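Whole structure, please, built from the sequences with the hints as guidance.
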Amino acid sequence: MQYSQKVLDHFMKPHNLGKLDKSNAEATEGSPACGDQVSIWLNVNEETQLIEDISFLSYGCASNIATASIITDMAKGKTIKEAKAISWKEAAAELDGLPPVKMHCSVLAVDTLRKAIKNYELAHHLIKAEKGALNKEIVLAELAKILYPKVGEDLISLKMVKYAGVAEGGKVIIDVEIPKFDKFRENVADEIREHIEKLPGVKDITINM
Amino acid sequence: MKRIYLNNCITSQPAPEVVDAMLPYFKEKFHFPENFIQPGTERRREIDEFKKIVADSINAIPEAVHFTNSGTDANNLAIKGYISANADKGQHIICSIVDYPDILTNAAYFEESGFEVSYLGCDGDGFINLEELKQELRSDTILVMTTLANHTVGTLQDITEIKKIIDESRSEAALFVDACQGYGRVPIDVVDMNVDMLTISAHKIHGPQGVGALYIKPGIAVAPTRHGINRIDPLATGTISIANIAGFAKAVELAFTNFKENVDYIRELTRYLYLSIERRIPYTMLNGAICEFRAPHNLNVSFDFIEGEAIMMMLDQYGISVATGSACFSEGLQANYVMMAMERNHEQSHSSMKFTLSRYNTREEIDYVVDKLEEVVKELRRRSPLYDDFISKNNI
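Residue numbers (the working numbering), protein chains in the order written: chain G, 1 to 209; chain R, 1001 to 1396.
One or more hints might be untrue.
[What the hints assert, rightly or not] No farther apart than 16 Å at their CA atoms in a straight line, the calculated lysine to aspartate or glutamate pairs in the EDC-like style are these:
#	chain 1	residue 1	chain 2	residue 2
1	G	Lys19	G	Glu46
2	R	Lys1002	R	Glu1364
3	G	Lys13	R	Glu1379
4	G	Lys13	R	Glu1375
5	G	Lys19	R	Asp1388
6	G	Lys13	R	Asp1316
7	G	Lys180	R	Glu1379
8	R	Lys1052	R	Asp1233
9	G	Lys19	R	Asp1389
10	G	Lys115	G	Glu26
11	G	Lys150	G	Asp182
12	R	Lys1217	R	Asp1192
13	R	Lys1134	R	Glu1161
14	R	Lys1002	R	Asp1389
15	G	Lys136	G	Asp175
16	G	Lys180	R	Glu1132
[Unchecked claim] Derived DEER-like restraints, expressed as beta-carbon distance ranges:
#	chain 1	residue 1	chain 2	residue 2	range
17	R	Thr1237	G	Pro99	37 to 43 Å
18	R	Ala1108	G	Ser31	24 to 30 Å
19	R	Ala1223	G	Ala93	36 to 42 Å
20	R	Asp1233	G	Pro179	35 to 41 Å
21	G	Lys89	R	Ile1391	31 to 37 Å
22	R	Ile1391	G	Gly77	19 to 25 Å
23	R	Glu1131	G	Pro99	40 to 46 Å
24	R	Asp1167	G	Pro200	37 to 43 Å
25	R	Asn1059	G	Ile178	34 to 40 Å
26	R	Leu1275	G	Ser4	26 to 32 Å
27	R	Ile1391	G	Lys203	35 to 41 Å
28	R	Glu1131	G	Asp73	55 to 61 Å
29	R	Glu1042	G	Asp9	53 to 59 Å
30	R	Asn1230	G	Ile178	40 to 46 Å
These are calculated hints, taken from the structure and not from any lab test. Quantities reported herein were computed from a predicted structural model and do not represent experimental measurements. Think of the CB as a built atom: it goes at the ideal place given N, C-alpha and C, for glycine as much as any other residue.
Printed below as a string of structure tokens:
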């Protein structure tokens, strides 16, 4: 398993690194405990909605830094609407691919960008804060952000989630199909817990494997 | 500049003398060791000589040493072979949460098949809890397994003390020691240590990959784990590579001829690396025991605010091979279990770097490594939101 030359180039000499002096939105996603965290700053033109400047800081591995670097390149000069539409697959493709076990870095970079845009939209009253109740759709949407590192595809596309439901009192129950001796078993459970925990209204999570 | 290799705990460069010693066995000395036929008898005699060299290095009698196809093979033969021969005496085994994966995966295998396993905890330096060992030993405990030098942080377990505790308990458990990581770096005397089984491996001491050995104290019953044709040793069925055994013996000769000088040289170089890091790079933490309580070739240091795979990849770009405990580099994307057992936090585990030296490393190489490491750490911290946070909170 090897990184593409493009990943190495962005890792060794990342673009758009550092905090912006002038920014009107920012977001941080990931956590040091998981070994990856990305912060993105935006400077959006309030009339045209164009991302005029963007930058990042990253705590993470080589592909974490490279995906953060490429996502800032891709978003720069785009409208927030266009930037929101960039997918993690497109970001990975822009780097000439990522090893499956590293695909989650691309998800994190895209997530951080989208969160920063959302923060901008909230601050500028372009959207309203969601306060909808916790439901199955929200849980499924979150599970679609978690990749199975062996193949680098998400749990929903791979049909690994056999059941997801929300019971009374914010109890989330998820059944995942994963082989008993799979080396990513613990990783998948940790990821699910971490993603679902942060959803508003979640009080308890049961993961059956 | 040639690549600087600091991954000697994973595998080490074969000594040129080792390769030379092996070559005849790929050419004119290819025969199978057997009786009566001239070349066969010669090969057999040579194997006996090689075995004596290896046995001498741990103060064992040659008959107690069995060649295997790797250190892992030797570990499996010891654990599975001993348990299979002694299961009638009890169904309880003991190991620790910081043992080598060979021990832990075997323990899990036996747990799955109905054995009871006690996993001993450890302290912040990776020393296993001996009080816990005293409490866990029972009359039906048949085996205690431990690792001489920890593969992650180099911490050396006190084997003599462990054996003493077993002997003073009501248990008749045998003691098995995986010494692959410590062999050739710390003195091993199986008689003094009074161990029942001990394993070593050639490729960690500049020998070839694909050969290890198991020492079994006379009187200890170990059943074969691989059944098949038996020409040399009932515990080592099938054909065994004489070339590898010849290389193993040569590696042992080289490591043990000037043992103290060799080890002192590596220890001093490792110390120099550590002191240079300490002096030049702030916010670091040593992992594992200090000085004589750790394997002399192992240095494990965590670098705050940054992640180990990135450090490793950047050093790789500069031609330096090192290892990391980061989840991003692990097989299952999990934090390093040895670091977590020593109660490091996730960040300290993800930023832990392992440097393992050999007698082929030089002071000039270490200077270059520290130059590059200083540069890499500075650069990655410049990119890190955690460092940025720390700087602004502390007004640095």
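These are the hints, each one checked on the structure:
no.	hint	in the structure
1	G:Lys19 / G:Glu46	violated, 20 Å
2	R:Lys1002 / R:Glu1364	holds, 12 Å
3	G:Lys13 / R:Glu1379	holds, 10 Å
4	G:Lys13 / R:Glu1375	holds, 14 Å
5	G:Lys19 / R:Asp1388	holds, 9 Å
6	G:Lys13 / R:Asp1316	holds, 15 Å
7	G:Lys180 / R:Glu1379	violated, 41 Å
8	R:Lys1052 / R:Asp1233	holds, 15 Å
9	G:Lys19 / R:Asp1389	holds, 12 Å
10	G:Lys115 / G:Glu26	holds, 8 Å
11	G:Lys150 / G:Asp182	holds, 9 Å
12	R:Lys1217 / R:Asp1192	holds, 12 Å
13	R:Lys1134 / R:Glu1161	holds, 11 Å
14	R:Lys1002 / R:Asp1389	violated, 38 Å
15	G:Lys136 / G:Asp175	holds, 13 Å
16	G:Lys180 / R:Glu1132	violated, 30 Å
17	R:Thr1237 / G:Pro99: 37 to 43 Å	holds, 39 Å
18	R:Ala1108 / G:Ser31: 24 to 30 Å	holds, 29 Å
19	R:Ala1223 / G:Ala93: 36 to 42 Å	violated, 55 Å
20	R:Asp1233 / G:Pro179: 35 to 41 Å	holds, 37 Å
21	G:Lys89 / R:Ile1391: 31 to 37 Å	holds, 35 Å
22	R:Ile1391 / G:Gly77: 19 to 25 Å	violated, 31 Å
23	R:Glu1131 / G:Pro99: 40 to 46 Å	holds, 44 Å
24	R:Asp1167 / G:Pro200: 37 to 43 Å	violated, 60 Å
25	R:Asn1059 / G:Ile178: 34 to 40 Å	violated, 48 Å
26	R:Leu1275 / G:Ser4: 26 to 32 Å	violated, 38 Å
27	R:Ile1391 / G:Lys203: 35 to 41 Å	holds, 37 Å
28	R:Glu1131 / G:Asp73: 55 to 61 Å	holds, 57 Å
29	R:Glu1042 / G:Asp9: 53 to 59 Å	holds, 58 Å
30	R:Asn1230 / G:Ile178: 40 to 46 Å	holds, 42 Å
Of the numbered hints given earlier, the model fails hints 1, 7, 14, 16, 19, 22, 24, 25 and 26; all others are met.
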